[in-house]
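Student: Sequence order for the protein chains is C and F. The first sequence lines up with residues 11 to 188 when you count with my numbering. The second sequence lines up with residues 40 to 705 when you count with my numbering.
Simulated from the structure, these hints should not be mistaken for laboratory data. Treat the hints loosely; a few may be bogus.
[Unchecked claim] Here are the computed distance ranges between Cβ atoms for each label pair:
(1) L403(F) / V159(C): 56 to 62 Å
(2) A626(F) / D115(C): 34 to 40 Å
(3) R639(F) / G125(C): 35 to 41 Å
(4) G485(F) / V180(C): 52 to 58 Å
(5) V180(C) / L180(F): 46 to 52 Å
(6) F486(F) / A86(C): 23 to 29 Å
(7) D187(F) / A86(C): 21 to 27 Å
(8) E175(C) / F486(F): 56 to 62 Å
(9) T63(C) / F124(F): 34 to 40 Å
(10) V180(C) / V565(F): 35 to 41 Å
(11) E62(C) / G583(F): 34 to 40 Å
(12) L180(F) / R174(C): 26 to 32 Å
Where is the CB? At the ideal position from N, CA and C, for every residue including glycine.
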Amino acid sequence: MKRFFLFLPLLIAVVLGVVLFAGIGKDPTKLESALIGKPVPAFSLKDLNTPETQLNETLFKGKVQLLNVWGTWCPACRDEHDDLMWLAEDEGVSIVGLNYKDNRDDALVWLDRLGNPYSTSIYDPRGTLGFDLGVYGAPETFVIDEQGVVRYRHVGVVNEKVWRETLLPVINDIRENG
Amino acid sequence: MYPELGQLALILSLLLAVLLSVVPLVGSIAGRDNLQGFGRPLATGMFVFVALAFAVLTHAFLTDDFSVAYVANNSNSLLPWYYKFSAVWGGHEGSLLLWILMLAGWTLAVAVFSRRLPSVVVAQVLSVLGMVTVGFMLFTLITSNPFDRLLPNVPADGADLNPLLQDFGLIVHPPMLYMGYVGFAVAFAFAIAALINGRLDAAWARWTRPWTTVAWSFLSLGIALGSWWAYYELGWGGWWFWDPVENASLLPWLSGTALMHSLAVTEKRGVFKSWTVLLAIVTFALSLLGTFLVRSGVLTSVHAFASDPERGVFLLALLAVTVIASLTLYAFRAPVVHVRARYGSLSREIFLLLNNVMLVSATLLVAIGTLYPLVLDYLEMGKLSIGEPFFNITFSPLAVATGLLMGAGIFSRWKKTDGGWLARKLLWPLAISLVATAAVLIGYGGFTPWAFAGIFTAMWVAVATFWDLWEKSASRKGRLHGLKRQSRSYYGMVLGHLGLAIVMAGATVVSNYGIERDVRMVPGDVATVGDYQFVFRDIGERRGANFTAQYGNFDVLQDGEIIASLRPEKRQYSVGMSVMTEADIDAGLFRDIFVAVGERISDDAWAIRLQYKPLVRWLWLGSIFMAVGGFLAIADRRYRVRERSTQKATTGTSVGTAANSAGVVS
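Bound conformation, chain C alone (with noise of 0.2 Å):
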């Protein structure tokens, strides 16, 4: 009987290792958002590169597009931005970019030496759209619909692999089931 004492940490081992075996693949970084399946929230801010011109909500009516938020200051943007070129390139993607609490100066440089995959920037030096969409880094990416309604929201970079396998199916569903 004692023996069986003796069994016990090979048991509780196996247990941990289920749970940890669980978590693998599964991103720890993707949290719901409260916003999903509904509007975008109301806003009023500058274009980036035309500051004398204003956007607002009514932007993301019409098509369905992709909201990158991004900055300058974060290093993981600069990984994805070849990425985000590719889709707006090649794939024809409609990307709508958030430039989040950075530097007119410091983002247009970027655009330039980089390229400019965004078919509007949005200058949000505050941060205010960030907040209310609940960004709490960068960079994030939200699939929005014809409505303009946010339908699906991706924390981290954007590459091949996340565009084919998770950010795609959600346009294609958009598409195809309204």
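Based on these hints, arrange chain F on the given structure of chain C.
Tutor: Relative to chain C, chain F alone:
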């Protein structure tokens, strides 16, 4: 051409590792001395080829060979040479290669330094180490090959090393940490060997002790370096964040500390055997778990390591095989102890048992806090993480209790301690600690229960340690002679315990009396923090090797006198476009003054973080004490002397050893 040679060297060393994990073990079970004898040359060969692979990777970094994917991802031609060198382990693949290099190094060390051990034990220990090496080499070669090429499209330049890692702290932190993690593999291998041949005795504990202590010392240094690095490099002035990755290094440290103490009991008194061997297995398993948590990305962390599910699965499989195999062996082979109390209720055995209870509780606590989010997620109860408050509230009482018990335990005797005698012994240290604590609290000007508890515990441990040293060193030939007579392992213990007291004092004081202020400042502004005035003089710009920086000039005044001029920076790295905050610190034994430049708020106003950090250096000073104590303990003569006598014993009874191993087969 060179990278392929590196790859070849790694594959060859894998083959040698496979041989090492089979041949000596078979030799030991079959009682064939000639097969056992292969252990040492195989261990040497394995190390040589891993070292060769490591040298090749280093060469690729130093010569900017961006055709190697790993180099292209983690280096840049603009990097100074020393960061090119440390970038070798700046990413996942190179870290693993470093890990393997250290494992092979430890294996070689076992082969070299255990010539006096029975050949059966050496053969089995080397084989177990060989098996662990095989696992990690397969992991590296299959999922994370550092020699993968980017051909034919060789990038013109590399993506640069993460600026956070371009720092002296990073050059030394991972090697120290890995030395610790991997070092516990040796204690693990000794435990497995003992379980295989059924010789869990005092001799086993004595052989394991120095290896455990040295691994623990390296781990202590590694953790302290990590904390120091986080303190000045992350730019926030915190020194411990209860981040999963930090916790991952604390877990094996806590259980390793328990193991060191439990080994002492097993060696001296021959008890707690099953418990000690379990701790040896668990400590190494926790080292592996730490690697898994860091490398698989199942938990979020400030350490933004690349995570990859495939790697996670492989590592978990490795962890599972190691843990399940060793715990199964444990379940069948560990001695079932028939409780015969050979020690009284206040004996040193009991105090060390309580020490183990405390340390294992702390380990469980940190493990629960770290893994709880995963478990909740598994049970689909939502995502959340446990923050600092949970750890602070639960960990601090355990630390205090451990310290209080230790102070009393220092005076206890093996087998039996008289209660009244012990109480009288503790009276003076208690009085001195209370008075000293009151003095410190008055000096810092504020009483809180936690400040009292923490400082009192630190005082109590320190006073008890010195009191004991004073009593033990009493000698008719004078104090100096008495001090000289104490063994190195005793001084090791003294330093280790003092180190803990120092860390506790530092942690308590800086958490309770430190001041942090985030202010908005325009050049010319003055801000006051505690007794210090910070004058923001102006903002300037400079160019570094691979970055441009804006810096603020600050003068720090105390009583109208300038005591320091600080120059915190905000660096913009040219390659990755990332921005780094470089705090400037006026460091001192009793306080640090810390200035960091934050965001630019408007044209001329900046967010500035000013901090007064009393005794923060003591955290790392205490850790150095602990590590030096550990190194001193293993330099003790008795290990060498006794090993020599063991050798005599084994050469005299080689027939007995053969009979013993024959017994294992039957």
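Student: Which hints, by number, does the structure contradict?
Tutor: 1, 3, 5, 6, 9 and 10
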